[in-house]
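The chain contents come next:
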Amino acid sequence: MARFHLQTLNAMLGLRLVGICSPTSEKRNDLRDEFGIENAFGNAAEMFQETNPDAVFIAVSHAVTFQVSSLVLELGLPCLIEKPAAYSSGQIAELVKLANKSGCLNMVGLNRRFYSTVNQALLAVMQQGPIRGILVEAHEAILEYRSRRQFDESLYGNWMIANSVHAIDLLRMIGGEVVNIQTSKREINESRGDHFTGAIEFADGALGTFVAHWNAGSGHGMKIYGEGIVAELYPLEEGFLRYASGRVIKLHPDWTDRKFKAGLYAQDTAFLQSVCDGTRSPFPASDLKDNFKTMCLIEQIQGRN
Amino acid sequence: MALWPRDWRMLPSGETLGDVAPQFLGHSANVLVRVESVRTMSHTANTFGGYAGRIFLQMRKEIRRRRLEVGEAGWGIPQPQPARLRGISATKHYRVAVIGAGSQGMSQCQGLLAVKGIQVVGLSDINVERLNQVGDSMNLASNTRFSDANEMLRKAAPLDMVSIATTAPHHVALGRLALTSGVKRILLEKPIDVSLREARAFREECIRANTLLAVNYSRRWTLDYRAINRCISRGFIGEPRSIFVTVGKGELGMHASHYFDLCHYLFNSNPAWVVSNLEPVRERNPRGATFEDPSGFCLFTFENGARAYIDFSSDLGPKDPFVAIKGTHGRITVDEQRMFWTLQSRSQRLWSIPFAEPLKSSTLFSRVAADLLSRPPVTATEESGLVALEMVIGSHLAQRRSGHQVTFPITNEDSEIGVTFP
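Each protein sequence line maps, in turn, to chains R and G. Count the first sequence with our numbering and you get residues 1 to 305, in order. Count the second sequence with our numbering and you get residues 1 to 422, in order.
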């Protein structure tokens, strides 16, 4: 993800990339040379001291995200933390405390929220009336991922938090505040479950459904139901609007989603603008305080609380 | 070639001519422009020469329509569902009567007849010629036309709803006739009345009689303003703090009051005080010489600290309403004449969204009527109608107090200032 962020940051004017930190010298030097970053460091604390940055993008491995984020928040540096910010709601709560104590701005990197297709779908459905329902499917090819042996067990064991967080977070982005949830799961190959369904009630009256069958293949998708309109996004990067009259209109990603990793340019711009303004970024951005609610929802779906 | 004509109308077929003007006037191709088709197309066809010209125009229209489909709004021309009765009401038939056969009365009849399940069983007006003109154009049977409202309420009973589309001084008096006859849904044209005391009293009478009272501030029912309200509620632009409206040359009661109510709706807060500058009335009011409805501008603050400036001064030229809503993190603009709105969160994409449907009186009235007959209204209640009337009265008071601010709520004594708006 670091490379993707650097691609978008490199395309922005008025920005200096003052430092990159990675424990692997080859990796950090390659990125420094490729993107014209001023300095490369092996130690984060040293980097912050030397460069005194205005903002930090945290795109480290999942295993150390919590530790690095804690350090950055303690220092009071505005930061964008790539998802997942932590592996539990308890850890997120700790990060929220650190952010409140230092008063620093933060955002969690849930770039699906900034997809042009997702926002188009939301606006088109809202134009016709209130949101009535959301269906989110988040199927993961967990057996395939495991067989690749790329990551350690802490990641595979928390796969829903590591990857399905995008889809579950979209439920909240589209539907709003969750007031009730009923869930079921089956544990076929995974001890924490690999088949999930959830029926969700939102504060505004919409009903949501979450479905995940991890052994059926992979792919995230969503449907948003409104008054005489359904938005279907399968995959999330593209989709259709279907009107009750029968008319179907294709949704197209905008140029920022085609040129860069989808959603990232809009997300990074929103974060940096909030740093310039000194205020929290508006909807659809999600900060740690908001991400805590998504994490709680994930834990409810998994039956962990 | 007149690319930017004075009148903006949808094409007869319901399609739009797409982005004809932007190529020449430098606008974004994503802005939906509705151009009066007949004059432009016929002129162009003649210019290009007959059949070949028409083929060319059709092809160009189709290409532009397809381009609009993939425009920045992403979803091209919206396809709103028509107004309809909902739930169990969808299987019932409703008997509705209209008092007043002026232009508003005619729009209301058109709107009512467009909703399946609603029958216009009575139309009354003291002007028999006007009554028959509207009755003929609406194909209303002669036994549904009355020159006396009381007689209509008696003979057309039982009635599910009565709509009063006369000028404002008669609203409450006629509303009382409907209330006495036992009608359970009463819809008044705006403003609710010229007297705040009478309006408040009538509201209490309706509550005691368990009768639904609503005021036709129809922008609350438009799909687009409701969508804008949803965007604001979601936080797309943060907290709304300021609304700026330029109406064009308009009148306080007839035009500006729509936007007073709109600001009340979007801010979701009651007005706190007003200052105004109203121009002396120099021209005869088109609705009658007894009416005085000045142009000018007003500045309101609301209880939540937000502000609204509504300008309907006579030097603004023809009506071309433009609304700008500024929030803490973005803004929304609404161009009612050109029928699109824009949404921009701070540093985010600029969304240009074509209106789901035109702001046509009859179309909006269909939605109002269908809503009232299906369930209690969720937007314009009698309370919001009263607030809008207070804002109108307050504006008059502020003017009479040489521009000093007038705080809300207005007392009944203060409200008896003898204004006569239509």
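Check the hints yourself; a few may be wrong.
[Claimed, not checked] If you want the ones that stay clear, here's a sample from chain G, every Cβ over 10 Å from chain R, calculated:
hint : residue
1    : Q119
2    : S142
3    : T144
4    : D148
5    : L159
6    : R230
7    : R234
8    : E283
9    : S314
10   : L316
11   : H329
12   : P358
[To be verified] Here are the simulated distance ranges between beta carbons:
hint : chain 1 : residue 1 : chain 2 : residue 2 : range
13   : G       : K184      : R       : D204      : 41 to 49 Å
14   : R       : V64       : G       : G87       : 50 to 58 Å
15   : R       : T197      : G       : P358      : 41 to 49 Å
16   : G       : T91       : R       : C276      : 52 to 60 Å
17   : R       : Y234      : G       : Y309      : 40 to 48 Å
18   : G       : Y309      : R       : G76       : 38 to 46 Å
19   : G       : Y309      : R       : T209      : 39 to 47 Å
Because the hints were derived from the structure by calculation, they are not lab data. Bear in mind the structure is a predicted one, so any value in this text is a computation, not a measurement. For glycine and all other residues, C-beta sits at the position ideal for the given N, C-alpha and C.
Structure-based check of all given hints:
no.: 1; hint: Q119; result: 25 Å, holds
no.: 2; hint: S142; result: 37 Å, holds
no.: 3; hint: T144; result: 32 Å, holds
no.: 4; hint: D148; result: 40 Å, holds
no.: 5; hint: L159; result: 29 Å, holds
no.: 6; hint: R230; result: 5 Å, violated
no.: 7; hint: R234; result: 5 Å, violated
no.: 8; hint: E283; result: 39 Å, holds
no.: 9; hint: S314; result: 34 Å, holds
no.: 10; hint: L316; result: 29 Å, holds
no.: 11; hint: H329; result: 4 Å, violated
no.: 12; hint: P358; result: 14 Å, holds
no.: 13; hint: G:K184 <-> R:D204: 41 to 49 Å; result: 29 Å, violated
no.: 14; hint: R:V64 <-> G:G87: 50 to 58 Å; result: 55 Å, holds
no.: 15; hint: R:T197 <-> G:P358: 41 to 49 Å; result: 43 Å, holds
no.: 16; hint: G:T91 <-> R:C276: 52 to 60 Å; result: 57 Å, holds
no.: 17; hint: R:Y234 <-> G:Y309: 40 to 48 Å; result: 46 Å, holds
no.: 18; hint: G:Y309 <-> R:G76: 38 to 46 Å; result: 40 Å, holds
no.: 19; hint: G:Y309 <-> R:T209: 39 to 47 Å; result: 45 Å, holds
Checked against the numbered hints above, the structure breaks hints 6, 7, 11, 13 and satisfies the rest.
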